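Chain A is already provided as a structure; the job is to place chain B on it using the hints.
Residues per chain are reported as follows:
Protein chains: 2
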Amino acid sequence: MKEITGATKLFGILADPIHHVKTPQRMNEHFARIGYDGVLVPLHVRADELASTLAGLRNLRNLGGLIVTVPHKTAVMDLCDEASDVARKIGAANVLRREPDGRLTAHMLDGEGFVRGLRSTGNELAGKTAYLAGAGGAANAIGFALVQAGVASLTIANRTAAKAEDLKARILDLFPQARIHIGTPDPSGHEVVVNATSLGMKEGDPLPMDVSRLEATQLVCEVIMQPENTALLQAARQRGCKVQYGAPMLACQIELMAEFLGVGAK
Amino acid sequence: MKEITGATKLFGILADPIHHVKTPQRMNEHFARIGYDGVLVPLHVRADELASTLAGLRNLRNLGGLIVTVPHKTAVMDLCDEASDVARKIGAANVLRREPDGRLTAHMLDGEGFVRGLRSTGNELAGKTAYLAGAGGAANAIGFALVQAGVASLTIANRTAAKAEDLKARILDLFPQARIHIGTPDPSGHEVVVNATSLGMKEGDPLPMDVSRLEATQLVCEVIMQPENTALLQAARQRGCKVQYGAPMLACQIELMAEFLGVGAK
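Chains as they are written, first to last, in the numbering used here: chain A, 1 to 266; chain B, 1 to 266.
Don't read these hints as lab results, they were simulated from the structure. Computed from a predicted model, the values in this text were never measured in an experiment. One should not assume that every hint holds.
[What the hints assert, rightly or not] Think about it this way: if two alpha-carbon atoms lie no more than 30 angstroms apart in a straight line, the pair counts; the simulated BS3-like pairs of lysine-lysine are: (1) Lys163/A with Lys242/A; (2) Lys22/B with Lys22/A; (3) Lys2/A with Lys2/B; (4) Lys9/A with Lys163/B; (5) Lys128/B with Lys163/B; (6) Lys9/A with Lys128/B; (7) Lys242/B with Lys202/B; (8) Lys22/A with Lys9/B; (9) Lys9/A with Lys22/A; (10) Lys22/A with Lys2/B; (11) Lys2/B with Lys9/A; (12) Lys168/B with Lys202/B; (13) Lys242/A with Lys22/A; (14) Lys22/A with Lys2/A; (15) Lys163/A with Lys128/A; (16) Lys22/B with Lys2/A; (17) Lys202/B with Lys22/B; (18) Lys202/B with Lys163/B; (19) Lys163/B with Lys242/B; (20) Lys163/B with Lys9/B; (21) Lys168/B with Lys128/B; (22) Lys242/B with Lys128/B; (23) Lys2/B with Lys22/B; (24) Lys2/A with Lys9/B; (25) Lys9/A with Lys128/A; (26) Lys163/A with Lys202/A; (27) Lys128/A with Lys242/A.
[Unchecked claim] Simulated restraints on C-beta separations: (28) Arg103/A with Glu29/B: 33 to 43 angstroms; (29) Thr121/B with Gly35/A: 36 to 46 angstroms; (30) Asp205/A with His20/B: 22 to 32 angstroms; (31) Pro227/B with Gly35/A: 26 to 36 angstroms; (32) Glu165/A with Asp37/B: 29 to 39 angstroms; (33) His19/B with Ala216/A: 58 to 68 angstroms; (34) His181/B with Pro17/A: 50 to 60 angstroms; (35) Glu259/B with Lys163/A: 45 to 55 angstroms; (36) Pro227/B with Arg103/A: 37 to 47 angstroms; (37) Arg103/A with Lys163/B: 39 to 49 angstroms; (38) Asp81/B with Arg103/A: 30 to 40 angstroms; (39) Glu82/B with Met225/A: 40 to 50 angstroms; (40) Leu174/A with Glu259/B: 49 to 59 angstroms.
Beta carbons: idealized from backbone N, C-alpha and C, even for Gly.
One chain only, chain A, in its complex shape (with noise of 0.2 angstroms):
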């Protein structure tokens, strides 16, 4: 990477634990590939010392913006200034960035990450029918994506029914065109079908949906991005879906957080 000095642009990752972040690694190499002065390191914060934290950092006037991630990614709604639309509805943000006065403006772009992954792969939204398994943190930002990309519906099937009614009003509080139905584990009739549980993270773990409701004609995403190969993604491959893995929603959400923290090549 580019040599650090005075002139160099900061931006962190607040994560606790920290260890296991990449975001360094991956937006460090965004920045020497568009030839930007900006360093990316972690910032290693406990839950109950964000909001001191979070004081101190706004005030480094070279600090261009923090990546949000576990278990910071609902708190520094209360700790920001301004929220862009989809991060209120959320509840949660995974980027702030540092506007020239010191004000904090968050957004959240797990969604739309996931959204440009899709289409980097060469897979548009719009009009499609859509299945949403799950209705946590990961869930609540794709299904804003999903219907900010377009779908035709979005199905939103979680095992705690009231969260997904929950979600569905929400979206519709910010959408109210949007069709949005509740669904059940059969994720069958929709075009595109997404996992945003973490089920399949670990080994034994239930799956995630009614896989022998799987069709041939679907495209099946996971969020999980380790392991790569989920018991959903095989399932899905074996009855002879197209498969979506985990890995370029992360890639893309490298140049979302760049494109939002106001990053450009120089």
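Below, chain B alone, put in the same frame as chain A:
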């Protein structure tokens, strides 16, 4: 430099302005040379926001410590938890180590850097008679370090004599056996002559001492790094003196700072 990951230890330099600082380049080179997984970044902090910024930064669990420069060297003394005797007597620090529990320990290495710089060019100070021009920040640090390095005597010369007297008194508080005199602009009769004023940085500055009194047996030392070849050093060489440039002080400071911050090869 090495790739930054979630496991990389973080260091920063607090300054305002920030663009001109060279510590990021030097320290990151040092980390690379010894194979240490650390990164030092610029932190642009205004004086009136130093306290709240430090309160936030000290929460960063992967922060190893902070280098401190203009205008924060004095102010950090009220914001740290512990300080070395020398830093306390000088009333200023240029490095803060973050202890594992978040406490900040302050130390002043400007003077030790100067002494180690002299050693690195083969000049021992023990037993020598020393003349110090100035009684400001740099002179304070160097005055203490000269006595600590075992000079036979130290003569302090400053336009405002009361500041020289004050420095003398504070050195004697910590080193009651030291032989310290208040001097005049005449540096003759000392083996080592040090300019620790800022005179010589700007074109047209008056000389920091009476150079007509320099003697060929003397070693004449400069703290000014820019320009490298000050009017004092030019005059000293014309009179046959050995000279010491300002740069080795900074190079040796990097090593001293790294040692104080607990940076080791790994």
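Hints versus structure:
no.	hint	verdict
1	Lys163/A with Lys242/A	holds, 29 angstroms
2	Lys22/B with Lys22/A	holds, 28 angstroms
3	Lys2/A with Lys2/B	holds, 10 angstroms
4	Lys9/A with Lys163/B	violated, 40 angstroms
5	Lys128/B with Lys163/B	holds, 24 angstroms
6	Lys9/A with Lys128/B	violated, 46 angstroms
7	Lys242/B with Lys202/B	holds, 23 angstroms
8	Lys22/A with Lys9/B	holds, 15 angstroms
9	Lys9/A with Lys22/A	holds, 19 angstroms
10	Lys22/A with Lys2/B	holds, 15 angstroms
11	Lys2/B with Lys9/A	holds, 18 angstroms
12	Lys168/B with Lys202/B	holds, 28 angstroms
13	Lys242/A with Lys22/A	holds, 27 angstroms
14	Lys22/A with Lys2/A	holds, 18 angstroms
15	Lys163/A with Lys128/A	holds, 24 angstroms
16	Lys22/B with Lys2/A	holds, 15 angstroms
17	Lys202/B with Lys22/B	holds, 20 angstroms
18	Lys202/B with Lys163/B	holds, 23 angstroms
19	Lys163/B with Lys242/B	holds, 29 angstroms
20	Lys163/B with Lys9/B	violated, 40 angstroms
21	Lys168/B with Lys128/B	holds, 18 angstroms
22	Lys242/B with Lys128/B	holds, 15 angstroms
23	Lys2/B with Lys22/B	holds, 18 angstroms
24	Lys2/A with Lys9/B	holds, 18 angstroms
25	Lys9/A with Lys128/A	violated, 41 angstroms
26	Lys163/A with Lys202/A	holds, 23 angstroms
27	Lys128/A with Lys242/A	holds, 15 angstroms
28	Arg103/A with Glu29/B: 33 to 43 angstroms	holds, 36 angstroms
29	Thr121/B with Gly35/A: 36 to 46 angstroms	holds, 39 angstroms
30	Asp205/A with His20/B: 22 to 32 angstroms	violated, 54 angstroms
31	Pro227/B with Gly35/A: 26 to 36 angstroms	holds, 32 angstroms
32	Glu165/A with Asp37/B: 29 to 39 angstroms	violated, 48 angstroms
33	His19/B with Ala216/A: 58 to 68 angstroms	holds, 60 angstroms
34	His181/B with Pro17/A: 50 to 60 angstroms	holds, 58 angstroms
35	Glu259/B with Lys163/A: 45 to 55 angstroms	holds, 54 angstroms
36	Pro227/B with Arg103/A: 37 to 47 angstroms	holds, 42 angstroms
37	Arg103/A with Lys163/B: 39 to 49 angstroms	holds, 43 angstroms
38	Asp81/B with Arg103/A: 30 to 40 angstroms	holds, 31 angstroms
39	Glu82/B with Met225/A: 40 to 50 angstroms	holds, 43 angstroms
40	Leu174/A with Glu259/B: 49 to 59 angstroms	holds, 55 angstroms
Of the numbered hints given earlier, the model fails hints 4, 6, 20, 25, 30 and 32; all others are met.
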